[in-house]
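Asks: Sequence order for the protein chains is A and B. Residues 1 to 361 (our numbering) make up the first sequence, in order. Residues 1 to 361 (our numbering) make up the second sequence, in order.
Incorrect hints may have been included.
What the hints assert, rightly or not - Sample of chain B residues with no beta-carbon within 10 Å of chain A, all distances over it, derived: (1) Leu23; (2) Pro68; (3) Gly122; (4) Glu124; (5) Arg143; (6) Ala186.
Said to hold, decoys possible - Reference listing, derived: stretches of chain B covered by chain A, where coverage requires no fewer than 3 residues with Cβ under 8 Å from a Cβ of chain A: (7) 73-79; (8) 101-111; (9) 168-177; (10) 213-222; (11) 305-314.
No lab work stands behind these hints: they were computed from the structure. Glycine included, every Cβ here is placed at the ideal spot set by N, Cα and C.
There are 2 protein chains.
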Amino acid sequence: MRLAVLGVGLIGGSIGLAARRRLDAEVTGFDPDPATLDRALEAEALDRSAASATEASSGAELIFCAAPVGALPGLAREALAAAGPDAVVTDVGSVKREIVAELDADERFIGGHPLAGAETSGVENARADLFEGARWYLTPTARSGGLQYDRLQRAIADIGARPQAIDADTHDRLMATVSHLPHVLANVLVAQAAREVAGEDAVLPEVGPSLRDTARVAGANPAIWTDIFAANSEAVADSIDAVVERLQDAAGRLRAGDRARVAEWHAAAGEDRRRLLEADLAGGPLHELRLRVPNQPGIVAELALALGRAGVNIEDMALSPTADLRFGAISVWVAGPEQAERAAERIRELGHAVSVVDSEG
Amino acid sequence: MRLAVLGVGLIGGSIGLAARRRLDAEVTGFDPDPATLDRALEAEALDRSAASATEASSGAELIFCAAPVGALPGLAREALAAAGPDAVVTDVGSVKREIVAELDADERFIGGHPLAGAETSGVENARADLFEGARWYLTPTARSGGLQYDRLQRAIADIGARPQAIDADTHDRLMATVSHLPHVLANVLVAQAAREVAGEDAVLPEVGPSLRDTARVAGANPAIWTDIFAANSEAVADSIDAVVERLQDAAGRLRAGDRARVAEWHAAAGEDRRRLLEADLAGGPLHELRLRVPNQPGIVAELALALGRAGVNIEDMALSPTADLRFGAISVWVAGPEQAERAAERIRELGHAVSVVDSEG
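Excised from the complex, chain A in its bound form:
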């Protein structure tokens, strides 16, 4: 199969690597940055480089557009103009409605969005197994070519991902809530906290772990996130509206002074959290182990090593230093009561006091 990759960063480079190894494809790549293109060749993500998107696309059967969200429609249009009548052109953007609406007149375009790679960037981090087991959304419409869809979804499955067709609107609404909304909440929370703290004589040094967790992504990657917010503005704004309604309901329950209704609201959130986060975990519900250790190099290692030796898999971990930075609070999440017990035992053997909090909390 002849394949083109337009934009050879982490995602494009990984597509190239995976396609060459697993599909035995012949991969031509283009990137507006010549240095990136050279690095992609060096990394063996490509068989050859092209001087333009048009050159890369002409003669290719399957074309992946892997540029930033804002550049995708133009790039896909150029690919469609250069590609043959049976080719399929797809993209990897995290927002789908806009590009699908723009290019839907052409049966050769099918939108896509692999859920992988958020943790790193750059072709130097590309790997053939980046998409192994990852969900890869595809957004065909009534106009999409059947031949094209079949070829695309087979290629994606063959590089190890799990293709799933989804309506572009549904995709964007889903992403607005599970991916974009947390960033919005992080942004407003830190803005609000910064204003509150500014009234005090000093920065609150004892910012709690819950604020730290929520605030972690506030203001992250401005270029990428401004693009995403702009491209999915309607769905994100709708999801903000919905969350505003929920907040107003919560404020109402608090002001009414009705403990039972506050308790009910809080318990329902616990239920929702479990349903969302734990359904995919093997081994049973998450258990949290909380402990307090000296805030020194090597302590986390000792802990993780002891758990690893005991065959306990750490599903998640959060550290927060105490005020004086001499101690750290560590929460470790493991799946199932059996692992939780084993983990607690090992931690106690290391001389740390530990509490096990099951997610029923």
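Dock chain B against the given chain A, drawing on the hints supplied.
Replies: Below, chain B alone, put in the same frame as chain A:
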């Protein structure tokens, strides 16, 4: 000094331990649960136990009420009734306006709130150094006795904490935003996400790390949190109102389709985050290292161990498994560019690809 501790869980027990060791105090304890009282004696957190709050308080110079928020006013009232005219009675509740308003007629009561101990519970986890370096808010009013305030703040400083006077209203407003609001946002986010996902054919297994981080505390510890929300309902509701305004502003910017205003909003949040979270970190601004490793026991250990050996202190860490649970994304935060570089080098030596994201990111 003769000291009484009413309620001998983690906080009360740690006060007892610290006071005995550092103030050379004689500590009498009471707890409604006889087994807890026995464990406190065993842990040497007390010199002796009393059969009632009244018995423990009579003759004591300094009385700490360390019960759940809802029980504090009654307990403090009983202590004030039994204590001598020069005694000082304080509490450790995380909400202050209500109790201070109720007991302010008595110059011997001064509210307090140590920011420590959230990560564990139970007298078996009590330790003499729990408050070392921790902020300990005190909420004196115009009626509070000067003698009492002086004795209280000195005792608190002597057990290693950093006392700071703050108006009770200000305290509750501050806590509403930096501590209680993140829990509210977590609750509404998971409720919203659960509703969105329920419309799909299956639970979204690929919940992003940002949702995981924000949702972590959703529905946590229902008994404690219902108490806190109830006791601080007005300030929390006000803080919800303020955040609703910010959300409506964000939705407005998104709907207006004005990229520059969205970018400005997002960048300001990044600034606020830095100001809030990084001011207290030695060694410079936080750098995030992102990598992807096999999701197996021992991997986190290997990583943390290598960093520990290299003298790199992990300030924070977040793990999230990929969809197939075969790989995990790990973010590690370290302070300052020098440690970040050293950490990245070690991680590459372990054979993992890593990206360094400085917080300007």
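Asks: Does each hint fit the structure? Answer for all of them.
Replies: Hints, one by one, checked against the model:
1. Leu23: holds (19 Å)
2. Pro68: holds (13 Å)
3. Gly122: Since the minimum Cβ distance to chain A is about 7 Å, B/Gly122 lies within 10 Å and the statement is violated.
4. Glu124: Given a closest Cβ separation of 7 Å, the condition is violated.
5. Arg143: holds (23 Å)
6. Ala186: violated (7 Å)
7. 73-79: violated (count 0)
8. 101-111: violated (count 0)
9. 168-177: With 4 residues closer than 8 Å to chain A, the stretch 168-177 of chain B meets the three-residue bar; holds.
10. 213-222: holds (count 10)
11. 305-314: Per the Cβ count (10), the hint holds.
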